[in-house]
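Colleague: Produce the entire structure from the sequences given, and follow the hints as far as they go.
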Amino acid sequence: MTVHQVGARPVPAPPRPSASRAATALLGLVAALAAAVALSLAVGANTLPPSAVWEALTGHGTTETDYIVLGLRVPRTVAAIVAGSALGVAGALIQAFTRNPLADPGILGVNAGAAFAVAMGVAFLGLRSSSAFVWLAFLGALVVTVAVYLIGSSGRGPADPIRLTLAGVALGAVFSGITTGMTLSDPDAFDSMRSWNAGSVLGRGFDVIVPLVPFVIAGILLAFVLTPGLNALALGDDVARAQGANVAGIRIGVIVAVTLLAGTATALAGPISFVGLMVPHIVRWLFGPDQRVIVPLSAVLAPVLVLLSDVLGRVIIAPAEVPVGIVTAFVGAPVLIALARRRKASTL
Amino acid sequence: MPSRRPRPRVLFLAAVSAVLVLTGCAAKTTPAESSGSEAATTRKVEHARGTTQVPADPERVVALEPLELDTAVALGVTPVGAAVASNVTGVPGYLGVSGVKPVGTVPEPDLEAIAALKPDLILGTEARHSALYDQLNSIAPTVFIATHADPWRDNAALIAEALGRADEVRALLGAVDDRCEKLANQYDVAGKTVQLIRPRDETTLSLYGPVSFAGSLLECVGFSIPDRDWADGLQADLSPENILDATADHVFVTTIDVHDKSTIPTAIARNAGAFGSVTLVDTSYWISGVGPRGAQSVLDDIETFLEETH
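Sequences listed follow chains B and X, in order. Numbering-wise, the numbering used here comes out as the position in the first sequence, counting from 1, plus 13. Numbering-wise, the numbering used here comes out as the position in the second sequence, counting from 1, plus 7.
Careful: at least some of the hints might be erroneous.
Selected chain X positions facing chain B (in silico; Cβ < 10 Å) [as the list claims (entries may be wrong)]: (1) Arg207; (2) Ser213; (3) Leu251; (4) Ala281.
Note that these hints are calculated values from the structure, not bench results. Ideal Cβ placement from N, Cα and C applies to all residues, glycine included.
Modeller: What follows is the structure in structure tokens.
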């Protein structure tokens with residue numbers, strides 16, 4: 014007997030790389046992360062011998078090595094891991110959510126909102142250091158994303174990705190314009206915002222990193238919960254509904270997770286460009302479209318990239334440094350061009 | 008405000024204009040030269056953008072560079088308008104002048120505001136305002152120094168020439184030298200090292216070298232700034248990891264509030280043991296107050312410091 018299906022396309026199951034392949038990749042990435050952490054502790058603008066680094070880590074350092082290793086390199090390494098993981102997962106979510114391979118966590122206005130809040134802090138509260146910017150930036154990111162959501166979902170029906178993206182881009186442009194205007198009119202005061210704006214993980218102590226970690230953990234856990242729903246959404250709203258997925262619920266969950274993750278990353282390290290765009294792209298390109306693979310692998314690959322970029326930034330113009338955000342842009346642009354030139358660049 | 012490296016061509020122009028300034032000064036003292044019929048109302052000034060006819064005695068001057076504002080004020084020609092480092096702070100307080108209208112920021116002067124002041128002379132900087140020259144020159148005769156990275160005394164001399172006060176500026180620069188010499192004789196600091204550190208942000212501390220404005224003033228009273236790989240002798244950037252390369256007998260750190268000890272960078276505070284003597288100094292004249300007036304303000308601070316420590 015032959016059964017003909019009429020009116021509905023057969024649902025293609027996501028091409029599933031064998032679970033063992035993804036697990037091997039995850040193990041490999043964790044090893045790479047460990048190596049990147051070691052590099053980040055050992056290499057810097059000051060060429061300390063590895064033995065001096067080890068002595069500082071084991072509590073036998075001098076005042077100088079204690080300051081360099083424990084005071085600078087350890088906290089910046091932790092900040093790079095936290096911000097990197099958050100950006101990688103946020104990028105994966107936002108690309109799946111908008112079904113746009115070029116979407117970046119900043120598309121919902123997170124970066125523009127954080128930068129605007131920081132600019133207000135500089136202009137009206139006299140804040141001058143990146144650690145003082147953290148909570149203000151986080152608040153700015155949250156407020157603007159909520160505003161984007163309200164604008165994007167007003168009128169008929171639930172918020173759909175296109176309207177949210179438009180609202181995010183529009184509101185982001187407005188806030189960026191105001192921020193730029195403020196910066197230009199008082200360049201002296203905004204000197205302190207410069208490195209924040211470029212994206213840097215240096216100078217963030219544990220007093221500002223630790224309170225942000227729960228937000229990142231919550232965001233990543235939420236992302237893991239959402240991955241099966243995102244796989245369903247990739248097939249289109251109707252098919253997803255037919256499969257029993259709660260489309261509106263998944264969308265709100267994604268927005269919450271992206272806001273938590275990108276908001277924390279931006280608050281902690283400033284708007285580090287390209288990481289959230291590039292990492293999920295690379296993962297999808299290598300391992301296919303299954304979000305259950307993309308999300309965890311992005312969470313590990315992104316901090317590797319941020320750490321390696323940060324290390325590069327410390328050595329290329331030693332004895333001075335380049336902020337990590339500038340390095341990721343330099344690394345990211347060629348990767349993006351390479352991706353764009355491949356015909357099979359991972360589509361969504 | 009990152010300082011730019013002057014390109015060789017700019018340096019060449021600067022050298023040429025410095026020579027022209029010197030010959031201009033010499034020519035002006037010859038009475039026979041100034042007997043021309045038009046000499047009473049205008050003068051010719053050679054500068055980074057060629058030769059410009061400027062009023063013999065300019066009254067409504069607009070200055071687009073801190074050095075030009077400072078020099079004009081020091082010469083007794085208070086500009087009607089000036090580009091400022093910050094629209095919020097406005098015209099720097101150390102100058103002690105009022106009634107100077109801010110006309111945009113130094114990197115982005117506001118042409119409409121400049122035109123509204125109906126100036127008779129505009130002073131600018133080729134390295135910053137090159138693209139604006141023709142528009143500025145259509146508002147009023149415009150004289151450009153080549154770059155703010157050149158030795159400030161040469162730039163001040165060109166500005167004085169444009170203002171018709173070449174002799175006066177020699178006296179002002181001479182007064183700076185005399186004061187340096189007096190302080191150098193009064194306090195024996197020979198062999199003592201100093202560092203002038205400008206904290207930029209978390210990743211960068213800028214050290215200022217012997218050719219920089221305040222660096223040259225620290226050296227002229229007898230201090231020495233340890234040699235390093237300066238960009239143009241002016242400045243060298245340092246990661247906080249290398250802060251111990253910036254130790255010296257006395258360290259001066261620039262800040263917007265000299266009473267706020269929290270503006271000492273963490274890198275220095277955490278290594279207090281290696282930094283015996285740290286003094287906060289005002290960015291508005293130590294870094295931005297380039298010119299004869301600013302030089303006296305910096306020397307005031309240095310004199311106070313020497314009185315207290317020696």
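Colleague: Taking the numbered hints from earlier one at a time, note which ones the structure violates and give those numbers from smallest to largest.
Modeller: none
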